[in-house]
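> What follows is each chain in one-letter form.
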Amino acid sequence: MAATLEELSRYLEEQGLSCQIEGDGDIEIRAANTLEDARAGEISFLANRRYTKYLGETQASAVVIDRHQEPPDGLTVLRCKEPYAAIALLIVKLHGYRRHPQVGIDPRAVLHPSARIGADANIQHNVTITEDVVIGDRATIYPGCYIGPGCRIGDDLVLMPNVVIYDGCVLGDRVTIHAGTVLANDGLGYAPVGEGWHKIPQAGIVEIGDDVEIGSNCSIDRATLGKTVISAGTKMSNLIAIGHGTKVGENCMLVAQSGVAGSVTLGKHVTLAGQVGVVGHITIGDGATVGAKAGVTGDVRQGDTVLGQPAIPIRQKRREIAILGKLPGMWNQLKNLPKRVRALESQLADRKRRASESDQPAQTPDPKDKR
Amino acid sequence: MAATLEELSRYLEEQGLSCQIEGDGDIEIRAANTLEDARAGEISFLANRRYTKYLGETQASAVVIDRHQEPPDGLTVLRCKEPYAAIALLIVKLHGYRRHPQVGIDPRAVLHPSARIGADANIQHNVTITEDVVIGDRATIYPGCYIGPGCRIGDDLVLMPNVVIYDGCVLGDRVTIHAGTVLANDGLGYAPVGEGWHKIPQAGIVEIGDDVEIGSNCSIDRATLGKTVISAGTKMSNLIAIGHGTKVGENCMLVAQSGVAGSVTLGKHVTLAGQVGVVGHITIGDGATVGAKAGVTGDVRQGDTVLGQPAIPIRQKRREIAILGKLPGMWNQLKNLPKRVRALESQLADRKRRASESDQPAQTPDPKDKR
Amino acid sequence: MAATLEELSRYLEEQGLSCQIEGDGDIEIRAANTLEDARAGEISFLANRRYTKYLGETQASAVVIDRHQEPPDGLTVLRCKEPYAAIALLIVKLHGYRRHPQVGIDPRAVLHPSARIGADANIQHNVTITEDVVIGDRATIYPGCYIGPGCRIGDDLVLMPNVVIYDGCVLGDRVTIHAGTVLANDGLGYAPVGEGWHKIPQAGIVEIGDDVEIGSNCSIDRATLGKTVISAGTKMSNLIAIGHGTKVGENCMLVAQSGVAGSVTLGKHVTLAGQVGVVGHITIGDGATVGAKAGVTGDVRQGDTVLGQPAIPIRQKRREIAILGKLPGMWNQLKNLPKRVRALESQLADRKRRASESDQPAQTPDPKDKR
Numbered sequence: 001m002a003a004t005l006e007e008l009s010r011y012l013e014e015q016g017l018s019c020q021i022e023g024d025g026d027i028e029i030r031a032a033n034t035l036e037d038a039r040a041g042e043i044s045f046l047a048n049r050r051y052t053k054y055l056g057e058t059q060a061s062a063v064v065i066d067r068h069q070e071p072p073d074g075l076t077v078l079r080c081k082e083p084y085a086a087i088a089l090l091i092v093k094l095h096g097y098r099r100h101p102q103v104g105i106d107p108r109a110v111l112h113p114s115a116r117i118g119a120d121a122n123i124q125h126n127v128t129i130t131e132d133v134v135i136g137d138r139a140t141i142y143p144g145c146y147i148g149p150g151c152r153i154g155d156d157l158v159l160m161p162n163v164v165i166y167d168g169c170v171l172g173d174r175v176t177i178h179a180g181t182v183l184a185n186d187g188l189g190y191a192p193v194g195e196g197w198h199k200i201p202q203a204g205i206v207e208i209g210d211d212v213e214i215g216s217n218c219s220i221d222r223a224t225l226g227k228t229v230i231s232a233g234t235k236m237s238n239l240i241a242i243g244h245g246t247k248v249g250e251n252c253m254l255v256a257q258s259g260v261a262g263s264v265t266l267g268k269h270v271t272l273a274g275q276v277g278v279v280g281h282i283t284i285g286d287g288a289t290v291g292a293k294a295g296v297t298g299d300v301r302q303g304d305t306v307l308g309q310p311a312i313p314i315r316q317k318r319r320e321i322a323i324l325g326k327l328p329g330m331w332n333q334l335k336n337l338p339k340r341v342r343a344l345e346s347q348l349a350d351r352k353r354r355a356s357e358s359d360q361p362a363q364t365p366d367p368k369d370k371r
Numbered sequence: 001m002a003a004t005l006e007e008l009s010r011y012l013e014e015q016g017l018s019c020q021i022e023g024d025g026d027i028e029i030r031a032a033n034t035l036e037d038a039r040a041g042e043i044s045f046l047a048n049r050r051y052t053k054y055l056g057e058t059q060a061s062a063v064v065i066d067r068h069q070e071p072p073d074g075l076t077v078l079r080c081k082e083p084y085a086a087i088a089l090l091i092v093k094l095h096g097y098r099r100h101p102q103v104g105i106d107p108r109a110v111l112h113p114s115a116r117i118g119a120d121a122n123i124q125h126n127v128t129i130t131e132d133v134v135i136g137d138r139a140t141i142y143p144g145c146y147i148g149p150g151c152r153i154g155d156d157l158v159l160m161p162n163v164v165i166y167d168g169c170v171l172g173d174r175v176t177i178h179a180g181t182v183l184a185n186d187g188l189g190y191a192p193v194g195e196g197w198h199k200i201p202q203a204g205i206v207e208i209g210d211d212v213e214i215g216s217n218c219s220i221d222r223a224t225l226g227k228t229v230i231s232a233g234t235k236m237s238n239l240i241a242i243g244h245g246t247k248v249g250e251n252c253m254l255v256a257q258s259g260v261a262g263s264v265t266l267g268k269h270v271t272l273a274g275q276v277g278v279v280g281h282i283t284i285g286d287g288a289t290v291g292a293k294a295g296v297t298g299d300v301r302q303g304d305t306v307l308g309q310p311a312i313p314i315r316q317k318r319r320e321i322a323i324l325g326k327l328p329g330m331w332n333q334l335k336n337l338p339k340r341v342r343a344l345e346s347q348l349a350d351r352k353r354r355a356s357e358s359d360q361p362a363q364t365p366d367p368k369d370k371r
Numbered sequence: 001m002a003a004t005l006e007e008l009s010r011y012l013e014e015q016g017l018s019c020q021i022e023g024d025g026d027i028e029i030r031a032a033n034t035l036e037d038a039r040a041g042e043i044s045f046l047a048n049r050r051y052t053k054y055l056g057e058t059q060a061s062a063v064v065i066d067r068h069q070e071p072p073d074g075l076t077v078l079r080c081k082e083p084y085a086a087i088a089l090l091i092v093k094l095h096g097y098r099r100h101p102q103v104g105i106d107p108r109a110v111l112h113p114s115a116r117i118g119a120d121a122n123i124q125h126n127v128t129i130t131e132d133v134v135i136g137d138r139a140t141i142y143p144g145c146y147i148g149p150g151c152r153i154g155d156d157l158v159l160m161p162n163v164v165i166y167d168g169c170v171l172g173d174r175v176t177i178h179a180g181t182v183l184a185n186d187g188l189g190y191a192p193v194g195e196g197w198h199k200i201p202q203a204g205i206v207e208i209g210d211d212v213e214i215g216s217n218c219s220i221d222r223a224t225l226g227k228t229v230i231s232a233g234t235k236m237s238n239l240i241a242i243g244h245g246t247k248v249g250e251n252c253m254l255v256a257q258s259g260v261a262g263s264v265t266l267g268k269h270v271t272l273a274g275q276v277g278v279v280g281h282i283t284i285g286d287g288a289t290v291g292a293k294a295g296v297t298g299d300v301r302q303g304d305t306v307l308g309q310p311a312i313p314i315r316q317k318r319r320e321i322a323i324l325g326k327l328p329g330m331w332n333q334l335k336n337l338p339k340r341v342r343a344l345e346s347q348l349a350d351r352k353r354r355a356s357e358s359d360q361p362a363q364t365p366d367p368k369d370k371r
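Residue numbers (our numbering), protein chains in the order written: chain U, 1 to 371; chain V, 1 to 371; chain Z, 1 to 371.
Pulled out of the complex, with its shape left as it was, chain U reads as follows:
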């Protein structure tokens, strides 16, 4: 939809974000865009100092900036305390969310007669819904998705193409899963028998809370027994692996390619940055943050930020990194110190001995000489 800058400003005020126009409030805005890509009729924003250089060159008709930014001459700006929050709201206003095709239940979808699907569903062709599946209202399911026997799913489900959900899973309301993600495949559950491995049936399930969004091509193991849990409000990026029996708390944020082994407990509002790894059977406390590529090998306390491999408190890790960086420059000196100190010690000992000898009659033999 399009709106004048004046209307957008009023909209932000209504949402509790005060802001002021500097320039022409009658400009019509059709879309939001980056400073680099924006053209006339589009609004952009500056929320990260790295991009200040683009402010002078942008073709945007207006730019959301913070209280302190000095805009170039002639650029119409919308000055806000929180530019990122403001542009987020404007993107919702101008672009809205993905609109899904309204197809009802396509006859080429393959639905088991025992499956129960709520009102206003859009189930596309080539979707497979198996026996005893129960799905709430307003489900949107794209082609190539598969939902295994006995799954129970809430309202407003969105499955993008080729999502696979194995049998027995429980999903809450407003769950969105992106393309290619797999829920509840068997994990690595084997008992060693002789030289080989004997498979242990993976009898548990995966449970997903309300308002969870999961990126593309993720893999979440079903529990061996009990359940693997992704709690309400948690958001996950792409290519993430979650091991069997792990419980992820509410409102966590898991960045791409992070991996959590089995039987781990993540508290609420935990952040795992990209490519993080977490070993099995540990606990990460509420509000903890694990820095990119860290390898967590033990419990992390509530609110802590850890980094490195093995992960340790970030301040300590940064100190290690700083020292490691200085070590090569000092190494030639350090490595010779033990020898030099030994030399000094023996010089001093020697001198002491000689000094004590000169205090005594020269003919007195050293008792050590007898040995």
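Hints are supplied without guarantee of correctness; some may be wrong.
It does not matter which identical chain is meant; a pair holds if it fits inside one copy or across any two.
Straight-line Cα separation of at most 30 Å, DSSO-like style, residue types lysine-lysine; simulated pairs [what the hints assert, rightly or not]:
{"hint": "1", "residue 1": "81", "residue 2": "53"}
{"hint": "2", "residue 1": "326", "residue 2": "352"}
{"hint": "3", "residue 1": "81", "residue 2": "199"}
{"hint": "4", "residue 1": "199", "residue 2": "268"}
{"hint": "5", "residue 1": "352", "residue 2": "199"}
{"hint": "6", "residue 1": "53", "residue 2": "268"}
{"hint": "7", "residue 1": "93", "residue 2": "199"}
{"hint": "8", "residue 1": "81", "residue 2": "326"}
{"hint": "9", "residue 1": "93", "residue 2": "53"}
{"hint": "10", "residue 1": "53", "residue 2": "199"}
{"hint": "11", "residue 1": "352", "residue 2": "335"}
{"hint": "12", "residue 1": "335", "residue 2": "81"}
{"hint": "13", "residue 1": "326", "residue 2": "339"}
{"hint": "14", "residue 1": "339", "residue 2": "352"}
{"hint": "15", "residue 1": "93", "residue 2": "81"}
{"hint": "16", "residue 1": "81", "residue 2": "268"}
{"hint": "17", "residue 1": "339", "residue 2": "268"}
No lab work stands behind these hints: they were computed from the structure.
Take the given structure of chain U and dock chains V and Z to it, following the hints.
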């Protein structure tokens, strides 16, 4: 299926695991579950000390414990030497393995007329089997799977939904592949030509041995020439990348998100923990273990356990980590040592010079002064 | 196709690679293969010294070797300056590229009436092409692929099975995408609201340049605003994650499981080795190389090679690694040095004090004693 605790105990004895009931052997057990999630009618187990705290609170009707564990009053237990082996057997007994739908060959599957499929197959709708494919008996193939031209596959194949197998691959008996995994896509095979890259046809295949199980969303490159091999009995978790021409030995265990570059040889019974990386053209010996997140940059000897990046023997790596942890605390002292030692050296040299001067006539000039 | 060694040699000469036959030029060659797997009628090559040991045992009828290699008696060789370039050409000559099934537009493909598809397309069954999609000539699309609304795609597209392209993307000519890869899913775009996360519509797209090839099971986020770009000529392996708004330059090479966060700029001809991670909002210069498993946390200059975590210039990192390896062996000495130096200092100070006392009247008090 359900059974009394007495019957389950007898079953374990038959399998060679001796155990004793302490409590009521007539309790009926319907399922196995975790200590936390178990309810009445379910059996649980304690095999890891971390979970002892749940023993007092469990609602399980019986719990498998080891020889030394002291159970809380009133809890019925099944005391075994190897609780984990015992519960594994009980899960098989009580839950069995995944039962696949018996659909025969669905008419909506797309089979090339030249494909030959063995007896008792269950090929679901929307499966694609292309020309000259040969598959053994009792194949189970879920929707969305694709098998490329000329693949030759043994008996008891299980492909979960959306598995893709490119042309020419050879799979043994009892192979199970989880959803979204891709076998034998082209690897990164390019020759540099000017500023760009010229594609080299990837003319090799992937060969999978008997009893291999591969997790979800893995990618195994076809060989440029010859074959990429996953040998019999090997088990792989999710999101694993195997490069072109690599040979993985028998009964290996590859944990999630590990990656092996091209032309690598893994021996038998090698363990790659989570997020391990292995560079190309090296060999990892039989029985070697690579710790989580390690980056292997050279050959690993048979039976060795390595860790770190670059990966080194684990004892050495742990020592490095321990010292690295102490370095910051000592740094302020260490960094000044060279200066302090220099100061001591010059003091001593000075004193020596003066001492020797006082032994000599003061007018004798130092020979160095001439320069 | 088959050819005599003489014909193959002539073919290489025509391509500008001079070479000489040592042995029988009339041998008929049907295929290329590795030294280990080759049989009679096949040609192999030796381009990496590690494999010299296989030269004596190979069953190949002829082997491409370099100028300096001494072949075993009786082995027919094709001696070339650049064996790897030669075998690459021979693989093209003998094996050619993947031949796709010529099926036209399968009636079981699901095409929106508004979609426009160019000449000579091969669109297989169970492909979904949605409204307003425009595709150039000679497209090859395998089963299970999905192309979202409004995508605009050039000529000679190849999508292997189960590729998913979300709405609005722009792809150039000669783009190949391997199975299971997802383009333009929503990235992690959320604004914190109270304890939870509020989704920001992801209004941007993904743009793929000419001649790009992308491996299997990759995930490339759409931009929040503007576009995520993979530029012409770039080649990507498997299981790679690219964040929203990131621009990858021309002719880059991204190895498996590498991940790039959002708003990153990669120059031309950048190499990311396996499992590399790159944090958001940074720039990696033209021709830079990032070593395996490195974690890039800041800008990388043109042409630099970096390694480690955080990534630093490779020479520096190697020095750090070398010193870290020596540290444990020296630690017992190093850790005691501060104490030993202190002891030396106090001995010397002591002696100095005594020396100065003996030079002065004993009754003169030390001025410090007054404090």
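> Next, verify each hint and record whether it holds.
Hint check:
no. : hint      : in the structure
1   : 81 x 53   : within (20 Å within a copy, 49 Å between copies)
2   : 326 x 352 : neither (37 Å within a copy, 34 Å between copies)
3   : 81 x 199  : between (57 Å within a copy, 20 Å between copies)
4   : 199 x 268 : between (33 Å within a copy, 18 Å between copies)
5   : 352 x 199 : neither (74 Å within a copy, 77 Å between copies)
6   : 53 x 268  : between (38 Å within a copy, 22 Å between copies)
7   : 93 x 199  : between (52 Å within a copy, 13 Å between copies)
8   : 81 x 326  : neither (41 Å within a copy, 44 Å between copies)
9   : 93 x 53   : within (27 Å within a copy, 51 Å between copies)
10  : 53 x 199  : between (58 Å within a copy, 28 Å between copies)
11  : 352 x 335 : both (27 Å within a copy, 26 Å between copies)
12  : 335 x 81  : neither (55 Å within a copy, 46 Å between copies)
13  : 326 x 339 : both (21 Å within a copy, 16 Å between copies)
14  : 339 x 352 : both (20 Å within a copy, 19 Å between copies)
15  : 93 x 81   : within (19 Å within a copy, 63 Å between copies)
16  : 81 x 268  : within (28 Å within a copy, 38 Å between copies)
17  : 339 x 268 : neither (54 Å within a copy, 47 Å between copies)
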